[in-house]
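Given these sequences and hints, build the entire structure.
Chain residues, written in single-letter form:
2 protein chains.
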Amino acid sequence: MKAQKWILAKKFSGQANDENFKLVEYDLPEELQPNEVLCQAVYLSVDPYMRLFPNAEGNPMIGEQLAEVIKTKNGEFPIGSLVLANVGWQSHFISKGDNLTPIRFDIGSTPLSYTLGILGMPGATAYFGLKRCDPKPNEIVCVTAAAGAVGSVVGQLAKAQGLKVVGFVGSEDKLKWCRDELGFDHVFNYKNTNFSEALSKVAPEGIDIYFDNTGGDYYHTIINKHMKKHGRILVCGSIQNYNDKEPKKFDATNISILMNELTVYGFMVYSSYEKWPQAFTEMNKMIQENKLKVKEQVYTGFENMKEAFLGLFKGDNTGKAVVKAVNASTNYP
Amino acid sequence: MKAQKWILAKKFSGQANDENFKLVEYDLPEELQPNEVLCQAVYLSVDPYMRLFPNAEGNPMIGEQLAEVIKTKNGEFPIGSLVLANVGWQSHFISKGDNLTPIRFDIGSTPLSYTLGILGMPGATAYFGLKRCDPKPNEIVCVTAAAGAVGSVVGQLAKAQGLKVVGFVGSEDKLKWCRDELGFDHVFNYKNTNFSEALSKVAPEGIDIYFDNTGGDYYHTIINKHMKKHGRILVCGSIQNYNDKEPKKFDATNISILMNELTVYGFMVYSSYEKWPQAFTEMNKMIQENKLKVKEQVYTGFENMKEAFLGLFKGDNTGKAVVKAVNASTNYP
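If you read the protein sequences in the order shown, they are chains L and P.
Those letters in the first sequence? Residues 1 to 333, per the UniProt record's numbering, in order.
Those letters in the second sequence? Residues 1 to 333, per the UniProt record's numbering, in order.
No lab work stands behind these hints: they were computed from the structure.
Using N, Cα and C, we set each Cβ at its ideal position, and we do this for glycine too.
One should not assume that every hint holds.
Over the 12 angstroms line for every Cβ pair with chain P, so calculated as not near, a few chain L residues [unchecked claim]:
id, residue
1, 3
2, 19
3, 71
4, 75
5, 103
6, 131
7, 138
8, 191
9, 194
10, 196
11, 252
12, 274
13, 281
14, 313
15, 318
Reference excerpt, derived from the structure (chain P facing chain L, CB under 8 angstroms, subset only) [claimed, not checked]:
id, residue
16, 23
17, 215
18, 219
19, 235
20, 247
21, 251
22, 255
23, 260
24, 263
25, 264
26, 271
27, 273
Non-contacting residues of chain L with respect to chain P, defined by C-beta distances greater than 12 angstroms in every case (computed) [said to hold, decoys possible]:
id, residue
28, 11
29, 106
30, 186
31, 261
32, 295
33, 304
34, 316
Following this line, the structure appears as structure tokens:
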């Protein structure tokens with residue numbers, strides 16, 4: 001049968017652009033071998049880490065998808081099963097089942113696409129990343145990319161735990177959403193605000209936790225100027241740097257880390273993978289009770305993966321960006 | 001009576017030099033008020049942090065000393081008592097007792113000057129700093145300024161706990177001491193070795209713990225090139241940077257911290273002050289059993305404080321540098 005995949009046509013260097021990607025059609029065997037299943041993408045994720053992680057030219061772009069089993073020779077995965085798979089940007093793929101994970105918690109009536117967002121890797125990143133920082137009521141947490149898939153959840157979880165939240169976003173719409181609907185204490189549009197001056201104003205004694213999705217100037221300036229004694233920094237992403245062709249130079253941070261006895265955590269969420277279902281059960285309850293609000297930017301059609309991905313770096317998306325593969329045999333909401 | 005103090009004559013800027021210090025004589029009242037004691041320095045400490053911590057021009061240089069009570073109107077501190085005090089570079093001082101601490105453990109026959117070194121702040125820094133990094137047998141720890149007051153203890157404690165130790169020092173004598181007497185696995189003289197090449201050679205798969213007394217190039221290069229997954233970095237000092245007039249710029253470290261899930265601890269030893277006596281009791285036993293070896297660089301005479309201090313930045317000292325104030329009324333060993 002004919003399948004499609006987006007390959008890394010040319011290694012990233014500097015700003016990601018059209019040249020890095022190529023949509024190719026290819027043949028999948030018509031006959032399955034014993035234990036094999038044929039899966040078809042339902043929703044696919046685009047996330048900034050796909051710019052960062054190593055990949056070889058010619059390989060499919062890396063990434064996770066929610067897929068439906070449409071043909072099977074594996075009793076564990078009957079036709080119609082839904083599975084999560086880290087198989088990259090492919091419209092269809094064949095698996096022996098070893099790289100397929102059913103949804104590991106009771107999703108109830110929550111939209112399935114959330115398994116790639118708030119109830120998937122980005123949501124787990126927010127949940128376990130914040131936990132790693134040992135947040136305490138009345139502490140101040142600052143989060144960048146605050147309207148994004150991770151940041152919007154970090155801020156809401158922090159609010160629910162009694163912290164004060166300062167968020168930075170890149171548009172007035174995002175600002176309004178975070179302030180008026182998510183209830184963050186202070187939200188600034190970094191495009192018309194100096195983030196350091198803004199932080200000095202709303203947190204003159206410094207912040208306790210910096211949840212860093214941005215890197216670059218934010219990481220260095222916040223460590224050197226805005227952390228309280230015993231503050232914690234979670235290094236979660238560095239979108240400001242991913243497209244740098246030549247690495248920029250920055251002020252050293254080590255003396256500030258020393259003098260304020262800061263702790264800096266490099267955080268990857270897969271270390272807590274076993275505990276995800278427990279976190280998702282808790283967060284799904286909050287979603288049902290309207291205590292966690294979710295926005296998705298849904299792109300329709302597998303052919304729009306590239307556009308959705310490049311949108312991440314242009315700040316096009318509020319909340320989680322996902323791509324709905326309309327060629328799925330079943331229509332999922 | 002006449003007393004002497006070294007004052008900060010001119011704020012540090014760039015390389016510390018003669019101009020920053022002035023030895024002045026001044027009068028202390030002859031009569032003590034109720035509860036007051038008159039103390040006379042016996043041993044004084046010089047440490048790199050004295051370059052870093054804020055101080056005002058005209059104030060005594062900051063620092064700790066072991067002093068003897070030579071006059072008293074305070075029953076808690078009879079004549080001849082020995083006390084530790086953070087009162088700066090002063091030959092004599094009057095106190096109401098609130099800033100005096102008796103030696104808080106049984107020092108036995110160990111030299112008293114060790115209370116400013118291995119059984120004082122630098123030793124506690126090594127002990128609790130290493131502990132903070134959660135060291136495990138067979139892990140590799142790298143320590144800079146490895147023949148110094150902190151580094152020499154870090155390396156020995158790590159060896160005693162079954163780790164492999166790579167140390168960097170600044171002279172052949174220091175190298176021999178660390179390698180032949182302290183038993184470090186690999187020791188390099190950074191003056192004739194490229195530290196990054198040396199690390200690649202002896203720890204091709206990276207190091208687990210970096211105990212950073214140096215900062216600057218070491219901090220940035222080791223984080224970016226030499227840490228194993230889940231490595232820990234203890235930021236303890238930054239002697240390479242203290243004398244920088246204009247802060248240097250460095251490569252960002254945050255993406256490496258993220259990708260290798262590193263943890264960076266800014267560490268100040270006073271947070272564990274209550275537990276120091278327990279650590280010193282343990283280390284004093286190791287000293288008595290010759291399992292911890294100690295070198296001191298003893299400068300004689302209060303007038304030599306400046307020389308001892310400047311020697312820290314010239315790499316003059318092996319082990320702990322202390323100044324013996326020979327005007328003490330009692331002769332301590």
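Hint validation: residue 263(P) versus chain L, beta carbon distance must be below 8 angstroms. Holds or violated?
6 angstroms, holds
Beyond 12 angstroms from every Cβ of chain P: is that where the Cβ of residue 75(L) lies?
37 angstroms, holds
Beyond 12 angstroms from every chain P Cβ: check whether that's true for residue 304(L).
Fine: 28 angstroms to the nearest Cβ keeps residue 304(L) off the interface.
Residue 274(L): least C-beta distance to chain P exceeds 12 angstroms?
At roughly 16 angstroms from the nearest Cβ of chain P, residue 274(L) sits farther out than 12 angstroms, so the non-interface label holds.
Quick one, is the residue 255(P) hint okay against chain L at 8 angstroms, beta carbons?
5 angstroms, holds
Residue 295(L) clear of chain P by more than 12 angstroms, beta carbon to beta carbon?
25 angstroms, holds
Does the nearest C-beta of chain L fall within a distance shorter than 8 angstroms of the C-beta of residue 251(P)?
For residue 251(P), the interface hint holds, since the closest Cβ of chain L sits about 6 angstroms away, which is under 8 angstroms.
Tell me if residue 271(P) is really an interface residue toward chain L, meaning its C-beta lies closer than 8 angstroms to one of theirs.
7 angstroms, holds
Minimum Cβ distance from residue 235(P) to chain L below 8 angstroms?
5 angstroms, holds
With chain L as the partner, please determine if residue 260(P) meets the hint condition of a C-beta pair closer than 8 angstroms.
Constraint on residue 260(P) satisfied, holds at 6 angstroms.
Have a go at the residue 273(P) hint: is there a Cβ in chain L nearer than 8 angstroms to its own Cβ?
13 angstroms, violated
Closest CB-CB distance from residue 103(L) to chain P, is it above 12 angstroms?
Answer for residue 103(L): holds, closest chain P Cβ roughly 26 angstroms.
Hints 11, 16, 27 and 31 from the list above are not met by this structure, while the remaining hints are.
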